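Novice: Chain Y: place on chain X using the hints.
2 protein chains.
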Amino acid sequence: MRPLTSELGSAPVVVLVRPQMGENIGAAARAMLNFGLEHMRLVAPRDGWPNPAAVAMASGAGPVLEHAGLFSDLPGALADCDYVFATTARVRGLVKPVYTPEAAMTEARALIGAGKRVAVLFGPERAGLENEEVARANAIVTIPVNPAFYSLNLAQGVLLLAYEWMRQTTETPARAENLAGTDFATGLEVEKLGDHFEEKLEASGFFFPQQKAPMMKLNLRNMLTRWGLTRAEVQTLHGILRQLVRGR
Amino acid sequence: MRPLTSELGSAPVVVLVRPQMGENIGAAARAMLNFGLEHMRLVAPRDGWPNPAAVAMASGAGPVLEHAGLFSDLPGALADCDYVFATTARVRGLVKPVYTPEAAMTEARALIGAGKRVAVLFGPERAGLENEEVARANAIVTIPVNPAFYSLNLAQGVLLLAYEWMRQTTETPARAENLAGTDFATGLEVEKLGDHFEEKLEASGFFFPQQKAPMMKLNLRNMLTRWGLTRAEVQTLHGILRQLVRGR
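Heads up: the sequence lines are chains X and Y, in that order. Under the numbering used here, the residue at position 55 of the first sequence is numbered 55, and the numbers go up by one with no gaps. Under the numbering used here, the residue at position 214 of the second sequence is numbered 214, and the numbers go up by one with no gaps.
Keep in mind the hints are simulated off the structure, nothing from the lab. Being a predicted model, the structure only gives us computed values, none of them experimental. Treat each hint with caution, since some may be false.
Heads up, the list lumps identical chains together, so a pair's fine if it works in one copy or across two of them.
No more than 20 Å apart at the CA atoms, straight line, and that leaves these computed lysine to any residue pairs for SDA-like [stated by the list, open to error]:
#, residue 1, residue 2
1, Lys116, Arg226
2, Lys116, Trp227
3, Lys192, Arg226
Next comes chain X alone, as it looks inside the complex (with noise of 0.2 Å):
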């Protein structure tokens, strides 16, 4: 049996609950594994377990299978958990919290940085989890869609909290810049890119009318500073220029 890179305990389990075509699983599982999350349960699979479509299905999420736990019913599935999130479309006749997939992972965080196991429950493909499953979780997740086409399949919604634990625990920032090698241009290399451009238009005949000078040479800076260049992009400008003159 291939290991698991994370313990049991340090991100929720997911629990299938009667889960119906063994590729859903496999699927789910590439879901999981898609965003760190490692730990599956199956509470009665209508197929019976091991199930040769979820592993065909699951290709390099194979070990999330292996170790997957297999119960009889959710009571024991959920013996060892702390707190359980019910993944569910439709509000119950149940007082019970209901949380977006994201603070739901916010709230997963905080009680698994305190030592809870989290569980979050899904229910089978048709029909959803029942409420008397619903009543054996502490709160509900529910998934924000267009009501007028809201059928997400299983594997989708693990993919979805899954996401939003993976969310939780890494720090990505919101717009980071990809230099690709080069650096941002500094102030000075802008301004001689300026001078160098005035010099080479000015020569051309570029300013025209002279009462419109000033401005175009004020809307010129403008551009070459908005444009957040780099030092490569400098250079490439600096050599257009240049050969641009001497190709008339």
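Specialist: For chain Y alone, kept in the frame of chain X given last:
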């Protein structure tokens, strides 16, 4: 042709560049519609267009396909777009800002609010977008995935971006309370329930030994407050207390 519910330009346009499998185009249409995106464009789909496999997979999202624009090259598909995000996992040798899905859709919402048309590009299943295609985008979007298992399929990528778009445009409270027709109990109701507990427990000899009684009563009151009881639950507990005494 069945109508769409949203106008072009009110949400990002999803551009599938050289998609290979019709099934994936149909699944992408479903993922879009799940989160309220309807405007799809196709650039040189491998198996031609229309594609029966796409239609079969899309089912309820058929109108997205019926209205999809077909283009022979990327510049044609982007001719009327003001700002373009390229979805790619790999950082390329191109100077370009790199956004998370959330930050990209925050930016998209701001741009659309300012009257701009925004597109999000997705590459073919096997190899993703070419550098020549990414160079035509204003920014990169990278989905944060487990580096040890990062393969997301086309429809999953579309699903996550569409989900982030819907998160930008809907005001779902992070945590709501599903009260199922009842209300939370008032402080007075909880207080009276505590009195009832104390009365019945006192009569049954629960508060023993005597010197521990104050702490036991304190813990009882704290527990009843901490539970966040509803009115219905308060009534249930009154009934339980009465019946347990009566049944002795």
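Novice: Hints first: check each against the structure and report whether it holds.
Specialist: Do the hints match the structure? See the list:
Taking CA atoms no more than 20 Å apart as the test, Lys116 paired with Arg226 passes between copies only; the shortest distance there is 19 Å, against 50 Å inside one copy. Taking the shortest alpha-carbon separations for Lys116 and Trp227, only the inter-copy value of 19 Å comes in at or below 20 Å, while the best intra-copy value is 50 Å. When the C-alpha separation of Lys192 and Arg226 is checked against a cutoff of 20 Å, the pair qualifies only within one copy, where the shortest distance is 15 Å, while the shortest distance between copies is 68 Å.
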